[in-house]
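On the provided structure of chain E, position chain V as indicated by the hints.
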Amino acid sequence: MKHLRFLWTGAAAGLLNGLFGAGGGMVTVPMLEKDGLPAQQAHATSLAVIAPLSVLSGGCYLWQGRMTFGDAWGFLLPGLVGAVLGGWLLPRLKALWLHRIFGILILIAAGRLLLS
Amino acid sequence: MIGTILAGIGSGLLGSLGMGAGAILLVYLRVFGGMEQIQAQGVNLLFFLPIAGLSLFLHSRKGLVQWKNGLLCAAAGIPMVFAGVWLAGYLGGVWLSKLFALLLVYIGVRELRMKEEKKNPSSPGQDSSPSR
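Going down the list, the sequences are from chains E and V.
Under our numbering, read the first sequence as residues -8 to 107, first letter to last.
Under our numbering, read the second sequence as residues 25 to 156, first letter to last.
A few of these clues could be false.
Cβ pair distances, simulated, as ranges [to be verified]:
| id | chain 1 | residue 1 | chain 2 | residue 2 | range |
| --- | --- | --- | --- | --- | --- |
| 1 | V | P103 | E | L105 | 43 to 53 angstroms |
| 2 | V | P103 | E | W79 | 36 to 46 angstroms |
| 3 | V | I29 | E | R(-4) | 15 to 25 angstroms |
| 4 | V | F106 | E | K85 | 38 to 48 angstroms |
| 5 | V | A107 | E | W64 | 22 to 32 angstroms |
| 6 | E | R(-4) | V | V55 | 28 to 38 angstroms |
| 7 | E | W79 | V | L126 | 14 to 24 angstroms |
| 8 | V | L126 | E | P21 | 12 to 22 angstroms |
| 9 | E | L106 | V | I102 | 29 to 39 angstroms |
| 10 | E | L106 | V | F81 | 34 to 44 angstroms |
| 11 | V | L111 | E | W79 | 30 to 40 angstroms |
| 12 | E | L106 | V | G87 | 41 to 51 angstroms |
| 13 | E | P29 | V | R137 | 13 to 23 angstroms |
| 14 | E | L105 | V | L78 | 30 to 40 angstroms |
Simulated coverage check for chain E against chain V, where a stretch passes if three residues somewhere in it have a Cβ under 8 angstroms from a Cβ of chain V [said to hold, decoys possible]:
| id | segment |
| --- | --- |
| 15 | -6 to 7 |
| 16 | 12 to 25 |
| 17 | 30 to 38 |
| 18 | 43 to 55 |
| 19 | 59 to 66 |
| 20 | 87 to 94 |
| 21 | 97 to 104 |
Covered by chain E, per the in silico footprint, the following chain V stretches (three or more residues, Cβ under 8 angstroms) [what the hints assert, rightly or not]:
| id | segment |
| --- | --- |
| 22 | 57 to 66 |
| 23 | 87 to 97 |
| 24 | 107 to 115 |
To be clear, the hints were calculated from the coordinates, so they are not data collected in a lab.
Just so it is clear, the structure is predicted and the values come from calculations on it, not from any experiment.
By construction, the Cβ of each residue, glycine as well, lies at the ideal position given by its N, Cα and C atoms.
Excised from the complex, chain E in its bound form (with noise of 0.2 angstroms):
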C-alpha cells in the first residue's frame, strides 16, 4: 500500500515536471511528510525525486528545441550566488512574512497571466 502511494506520487510529481517544468515538490514533500519523514528527509528526498525527472524533461525540452543551453546560462550563476545568499539570508528573515510577501506576489503574477 506504501509503495503505491509512492508510485501514484512519483506519477504525479513526472506529470507536473513535464507540463510545467516546475511543481513536483508540491506533490512530494506533503506526501513524504504524511509517511512519517522529518521536513529535512522530506525536502532532501523530494529532490531525487525530482532532479532525475527534472534532467529527464529539460532532456525532453531540448531535444524538441523548445529552449536552448544559451537560454538559461545568463541565469545559472545568478542563480547560484542566490541560492548561496538565499540560505545566508535565511535565518535572518522572518518567514512567516515572506511566505505572505510570496503569496501575494504570485496571486497578482497569476492575475496577470490570466488576463494576458
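Just chain V now, kept in the frame of chain E:
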C-alpha cells in the same frame, strides 16, 4: 542583469524556505523576461539542475536522503514526464500559461494560509533545500 540576479536570489531564498523556487523564476521569465511559456519552463528546468545536484550531494552526505523511496517515486514519474511534455506541446503556450496561472493561484493561497501550518513541527520553513 539586476532583474536576473534578483530573480536568482528570490529563487534561492524561497527555495531555502521550502517554497516554490520554480515558480518565481518561471514568473520572472514570463512576466518580465518576455519568454514564451514553454521556453520559460525549459529554462527553469535547466536552472534547477545544478542547484538540485549540489543540494542533493550535500543532503546525501548528511544521510538525509531516503534513496530507495525517492528512486521508487522517480521511476514511477518517468513515463508521466513524457506524458507531461507531450501534453505541454499539445496544449500550446496560451493554455499552458492559463493552467500555470491556476497552479500559481493554488501556491499563492497556500502561502497566505501558512500561518496555521507554521505551528506544525514538520513545517517546510525549517529546511534549507530547494523545492519545486
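Cross-check of the supplied hints:
| no. | hint | result |
| --- | --- | --- |
| 1 | V:P103 to E:L105: 43 to 53 angstroms | violated (31 angstroms) |
| 2 | V:P103 to E:W79: 36 to 46 angstroms | holds (40 angstroms) |
| 3 | V:I29 to E:R(-4): 15 to 25 angstroms | violated (40 angstroms) |
| 4 | V:F106 to E:K85: 38 to 48 angstroms | holds (42 angstroms) |
| 5 | V:A107 to E:W64: 22 to 32 angstroms | holds (29 angstroms) |
| 6 | E:R(-4) to V:V55: 28 to 38 angstroms | holds (36 angstroms) |
| 7 | E:W79 to V:L126: 14 to 24 angstroms | violated (34 angstroms) |
| 8 | V:L126 to E:P21: 12 to 22 angstroms | holds (19 angstroms) |
| 9 | E:L106 to V:I102: 29 to 39 angstroms | holds (36 angstroms) |
| 10 | E:L106 to V:F81: 34 to 44 angstroms | holds (42 angstroms) |
| 11 | V:L111 to E:W79: 30 to 40 angstroms | holds (39 angstroms) |
| 12 | E:L106 to V:G87: 41 to 51 angstroms | holds (47 angstroms) |
| 13 | E:P29 to V:R137: 13 to 23 angstroms | holds (22 angstroms) |
| 14 | E:L105 to V:L78: 30 to 40 angstroms | holds (35 angstroms) |
| 15 | -6 to 7 | holds (count 12) |
| 16 | 12 to 25 | holds (count 10) |
| 17 | 30 to 38 | holds (count 9) |
| 18 | 43 to 55 | holds (count 11) |
| 19 | 59 to 66 | holds (count 5) |
| 20 | 87 to 94 | holds (count 6) |
| 21 | 97 to 104 | holds (count 7) |
| 22 | 57 to 66 | holds (count 6) |
| 23 | 87 to 97 | holds (count 9) |
| 24 | 107 to 115 | holds (count 7) |
Consistency note: the structure conflicts with the earlier hints numbered 1, 3, 7.
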